[in-house]
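A.B. asks: With chain B fixed as given, assemble chain R onto it according to the hints.
2 protein chains.
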Amino acid sequence: MGVSPDKIGIEWEKVYAERVKGMRASEIRELLKFAKQPGLISLAGGFPDPTLFPVEQIREVTDYILKNYGSDALQYGETEGLKELRQILVERMNKDGINIGIDNLIITTASQQALDMTAKIFISPKDTIIVESPTYLGALQAFYAFEAEFVGINVNDDGIDIEILEDRIKDLIFKKGIKPKFIYAIPNFHNPAGVTLTLERRKKLIEISRRYQIPIIEDDPYGEIRFEGESFPSLISLDTSHVIALRTFSKILSPGLRLGWIIGDPEVIRKIVIAKQGEDLASPSLTQYIAYEFLKRGYLEPYLEKVKVEYKKKRDLMIESMIKYFPEEIKFTRPEGGLFIWVMCPESINTEELFFEAIKEKVAYVIGASFYAHRDVHNCMRLNFSMPSYEQIDEGIKRLGNLFKKKLGK
Amino acid sequence: MGVSPDKIGIEWEKVYAERVKGMRASEIRELLKFAKQPGLISLAGGFPDPTLFPVEQIREVTDYILKNYGSDALQYGETEGLKELRQILVERMNKDGINIGIDNLIITTASQQALDMTAKIFISPKDTIIVESPTYLGALQAFYAFEAEFVGINVNDDGIDIEILEDRIKDLIFKKGIKPKFIYAIPNFHNPAGVTLTLERRKKLIEISRRYQIPIIEDDPYGEIRFEGESFPSLISLDTSHVIALRTFSKILSPGLRLGWIIGDPEVIRKIVIAKQGEDLASPSLTQYIAYEFLKRGYLEPYLEKVKVEYKKKRDLMIESMIKYFPEEIKFTRPEGGLFIWVMCPESINTEELFFEAIKEKVAYVIGASFYAHRDVHNCMRLNFSMPSYEQIDEGIKRLGNLFKKKLGK
Numbered sequence: 001m002g003v004s005p006d007k008i009g010i011e012w013e014k015v016y017a018e019r020v021k022g023m024r025a026s027e028i029r030e031l032l033k034f035a036k037q038p039g040l041i042s043l044a045g046g047f048p049d050p051t052l053f054p055v056e057q058i059r060e061v062t063d064y065i066l067k068n069y070g071s072d073a074l075q076y077g078e079t080e081g082l083k084e085l086r087q088i089l090v091e092r093m094n095k096d097g098i099n100i101g102i103d104n105l106i107i108t109t110a111s112q113q114a115l116d117m118t119a120k121i122f123i124s125p126k127d128t129i130i131v132e133s134p135t136y137l138g139a140l141q142a143f144y145a146f147e148a149e150f151v152g153i154n155v156n157d158d159g160i161d162i163e164i165l166e167d168r169i170k171d172l173i174f175k176k177g178i179k180p181k182f183i184y185a186i187p188n189f190h191n192p193a194g195v196t197l198t199l200e201r202r203k204k205l206i207e208i209s210r211r212y213q214i215p216i217i218e219d220d221p222y223g224e225i226r227f228e229g230e231s232f233p234s235l236i237s238l239d240t241s242h243v244i245a246l247r248t249f250s251k252i253l254s255p256g257l258r259l260g261w262i263i264g265d266p267e268v269i270r271k272i273v274i275a276k277q278g279e280d281l282a283s284p285s286l287t288q289y290i291a292y293e294f295l296k297r298g299y300l301e302p303y304l305e306k307v308k309v310e311y312k313k314k315r316d317l318m319i320e321s322m323i324k325y326f327p328e329e330i331k332f333t334r335p336e337g338g339l340f341i342w343v344m345c346p347e348s349i350n351t352e353e354l355f356f357e358a359i360k361e362k363v364a365y366v367i368g369a370s371f372y373a374h375r376d377v378h379n380c381m382r383l384n385f386s387m388p389s390y391e392q393i394d395e396g397i398k399r400l401g402n403l404f405k406k407k408l409g410k
Numbered sequence: 001m002g003v004s005p006d007k008i009g010i011e012w013e014k015v016y017a018e019r020v021k022g023m024r025a026s027e028i029r030e031l032l033k034f035a036k037q038p039g040l041i042s043l044a045g046g047f048p049d050p051t052l053f054p055v056e057q058i059r060e061v062t063d064y065i066l067k068n069y070g071s072d073a074l075q076y077g078e079t080e081g082l083k084e085l086r087q088i089l090v091e092r093m094n095k096d097g098i099n100i101g102i103d104n105l106i107i108t109t110a111s112q113q114a115l116d117m118t119a120k121i122f123i124s125p126k127d128t129i130i131v132e133s134p135t136y137l138g139a140l141q142a143f144y145a146f147e148a149e150f151v152g153i154n155v156n157d158d159g160i161d162i163e164i165l166e167d168r169i170k171d172l173i174f175k176k177g178i179k180p181k182f183i184y185a186i187p188n189f190h191n192p193a194g195v196t197l198t199l200e201r202r203k204k205l206i207e208i209s210r211r212y213q214i215p216i217i218e219d220d221p222y223g224e225i226r227f228e229g230e231s232f233p234s235l236i237s238l239d240t241s242h243v244i245a246l247r248t249f250s251k252i253l254s255p256g257l258r259l260g261w262i263i264g265d266p267e268v269i270r271k272i273v274i275a276k277q278g279e280d281l282a283s284p285s286l287t288q289y290i291a292y293e294f295l296k297r298g299y300l301e302p303y304l305e306k307v308k309v310e311y312k313k314k315r316d317l318m319i320e321s322m323i324k325y326f327p328e329e330i331k332f333t334r335p336e337g338g339l340f341i342w343v344m345c346p347e348s349i350n351t352e353e354l355f356f357e358a359i360k361e362k363v364a365y366v367i368g369a370s371f372y373a374h375r376d377v378h379n380c381m382r383l384n385f386s387m388p389s390y391e392q393i394d395e396g397i398k399r400l401g402n403l404f405k406k407k408l409g410k
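For the record, the sequence lines run as chains B and R.
Under the working numbering, the first sequence has 85 at position 85, and the numbering climbs by one with no breaks.
Under the working numbering, the second sequence has 360 at position 360, and the numbering climbs by one with no breaks.
Derived from the structure by calculation, the hints contain no laboratory data.
Each hint should be verified, as a subset may be incorrect.
If chains are identical, the list can't say which one is meant, so a pair holds when it fits in one copy or spans any two.
[Said to hold, decoys possible] Here are the computed lysine-lysine pairs in the DSS-like style, where the Cα-Cα straight-line distance is at most 27 Å:
{"#": "1", "residue 1": "K21", "residue 2": "K126"}
{"#": "2", "residue 1": "K362", "residue 2": "K313"}
{"#": "3", "residue 1": "K95", "residue 2": "K203"}
{"#": "4", "residue 1": "K179", "residue 2": "K126"}
{"#": "5", "residue 1": "K126", "residue 2": "K14"}
{"#": "6", "residue 1": "K14", "residue 2": "K203"}
{"#": "7", "residue 1": "K308", "residue 2": "K67"}
{"#": "8", "residue 1": "K405", "residue 2": "K306"}
{"#": "9", "residue 1": "K398", "residue 2": "K176"}
{"#": "10", "residue 1": "K406", "residue 2": "K324"}
{"#": "11", "residue 1": "K14", "residue 2": "K176"}
{"#": "12", "residue 1": "K179", "residue 2": "K14"}
{"#": "13", "residue 1": "K14", "residue 2": "K204"}
{"#": "14", "residue 1": "K410", "residue 2": "K362"}
{"#": "15", "residue 1": "K175", "residue 2": "K14"}
{"#": "16", "residue 1": "K14", "residue 2": "K170"}
Looking at chain B on its own, in the form it has when it is part of the complex (with noise of 0.2 Å):
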């Protein structure tokens, strides 16, 4: 409950900025204040799995930092990050084959700020930049706030449609002189639609971005939850100078800590620092401890592990139920990893309308057309399968394909 303002109140419409036009709420928010009832199963959220939390294992470096330097996790931290979390990440990055120093990355307040930042940083109103349809939707929220120009591209099964991509930026360059500023992709597991880029992509993407001098914004949170198959070379592994990196650790370990890393050409990331400290100034020190003291012990490798086996475990659960309750016109994707699979209906199925629906059968997902810059996607919709139990995957799956079944006249 709130006061609100008196009759001499602000007009507070009259005073914003040109950009909030553009801002929009997250849709997902939205829609599930309409989900907040008794019995709905939600394949809706991008939540990791809480049961899984290593719990004891915080408790454990939290109570050792306290006990041992809690004055200095309590202060303000240097803007790019606590130096022995930088250090510890950069060596884990070189294991992984990329090749960079502590200049080359920063620590964010999560990955929502890395794409808010490289948005401050690159995007003045009505620069074009490209992303694939669908595409992540907090990226698309942080980027409508700095008045941005979408190019969509489509996604296939193997990732980002490459021929496609190229002649539209030949499009744009050579016929209508724009210049996109840059390409945003996310490789692994791809939120929402859950496809991987393949290697040969990989290498051809890092071609274009050469050849049109374009940067790739490469956003991989779910690259180390890989549960089967063969993994690929990250985009910055095969290019630092034309490839800014994001990371996080929501996925890997805790979204309650907010805490993510870029990885780039130490310009840019000497550019970030300046923004984020107009921003937040630095992250949480705490946190950053936290994050710290957990690497250092080694158990993050275990604990992903263990992700990876109950993951998959809920992957193979949905896929089977999908199977199982779906109509076979429903088609969807088979993720390697990560937390989503993407549902594609026939044009029939307008997954917009389908909502209300499924609330009332007590079943949510996001529908497809968030992920779309220009929303012109009506038949598709989001899954999760790492938060929901093996029962409500099983019985939401069902829900679901009930409908699917009434709407195709079955």
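C.D. replies: Positioned in the frame of chain B, the structure of chain R alone reads:
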């Protein structure tokens, strides 16, 4: 050490957004690179005294949290912030005579994020805002990034000069056709000026805000650290319709938690929620639980008492040392709270030039120009008394005094 791009790397200068030209690195930060030498006494920072941090109590509550609701503390939280924390803050604010409900309040990743989001929702490029001269440099940094034009109004012993303020507003609105977007004010123990806005001026400031329909951004990080004299009602307590108030845990509990809050019209808070979704989704769950539990157990008030006693001692000592060592031409403020003293030298002393001599003498301060939107005042400096020890205060002021005497030919 960073790995620099090879020759085919991106020419980043061509990719940056327009606003990057206006963004400025924190001068404190840059200057303090010179200050990393053994034996240097820094009176430059704005850090709370880390020896006072309630480390044991934070250890106790953190352990309790991780034992009892660890999964929640490690999971994503709501963008508005932890409901329990918001509620307990609303109750605190109500006790302070601020008539608000929970929809008037959002948790932020400390005040710097509040400044950034306020700028983001209100400032279009070239918009005019009114700031105090001098003003908090972190606010200037946040506002520069959104390409604001600044009008600075002088601060004297009673706070911002209200007559000049109204004259400038009339001039802007009626002669130049410019409606300022907001007035940014620091009413208590001003950073850097150390002065406090009188009750009479507070009331007049609210009248001006109402008369010309210009919102006030009230930044009050130090209001609860008053160690002597009478406290005045906050601006937000005088008018919840025209004032947006920024508060923080950084100075009253711990900056390492990175937590603050904004109070305002629910309509503005909703816009800030959307901005925050794009900026960092939510503040850290873990540190929000810590702050909540700390408040709930009643640990804040006794801690604040300790802080006030200690900071008063340090302020007394710094003033005493200034009287002892500074030539009489050097003027300074006598704050009744907060962390800072403002030093005004004769025009003949340029504190930017003096800085390098001071570093040679192993004492550091923040140059006054950093606190002016147009960097047009060169004879002032900000000194901090919360962080240095008694010995450092006395010795640091002595070294500065010697420098002043040399400069003034004494």
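A.B. asks: Each hint should be assessed against the structure and marked as holding or not.
C.D. replies: Results of checking the hints against the structure:
no.: 1; hint: K21 <-> K126; result: both (14 Å within a copy, 17 Å between copies)
no.: 2; hint: K362 <-> K313; result: within (23 Å within a copy, 62 Å between copies)
no.: 3; hint: K95 <-> K203; result: within (20 Å within a copy, 62 Å between copies)
no.: 4; hint: K179 <-> K126; result: both (12 Å within a copy, 25 Å between copies)
no.: 5; hint: K126 <-> K14; result: both (22 Å within a copy, 16 Å between copies)
no.: 6; hint: K14 <-> K203; result: between (49 Å within a copy, 24 Å between copies)
no.: 7; hint: K308 <-> K67; result: between (33 Å within a copy, 25 Å between copies)
no.: 8; hint: K405 <-> K306; result: neither (36 Å within a copy, 67 Å between copies)
no.: 9; hint: K398 <-> K176; result: neither (49 Å within a copy, 66 Å between copies)
no.: 10; hint: K406 <-> K324; result: within (16 Å within a copy, 88 Å between copies)
no.: 11; hint: K14 <-> K176; result: between (35 Å within a copy, 18 Å between copies)
no.: 12; hint: K179 <-> K14; result: between (33 Å within a copy, 10 Å between copies)
no.: 13; hint: K14 <-> K204; result: between (47 Å within a copy, 23 Å between copies)
no.: 14; hint: K410 <-> K362; result: within (21 Å within a copy, 83 Å between copies)
no.: 15; hint: K175 <-> K14; result: between (39 Å within a copy, 20 Å between copies)
no.: 16; hint: K14 <-> K170; result: between (41 Å within a copy, 19 Å between copies)
Hints 8, 9 from the list above are not met by this structure, while the remaining hints are.
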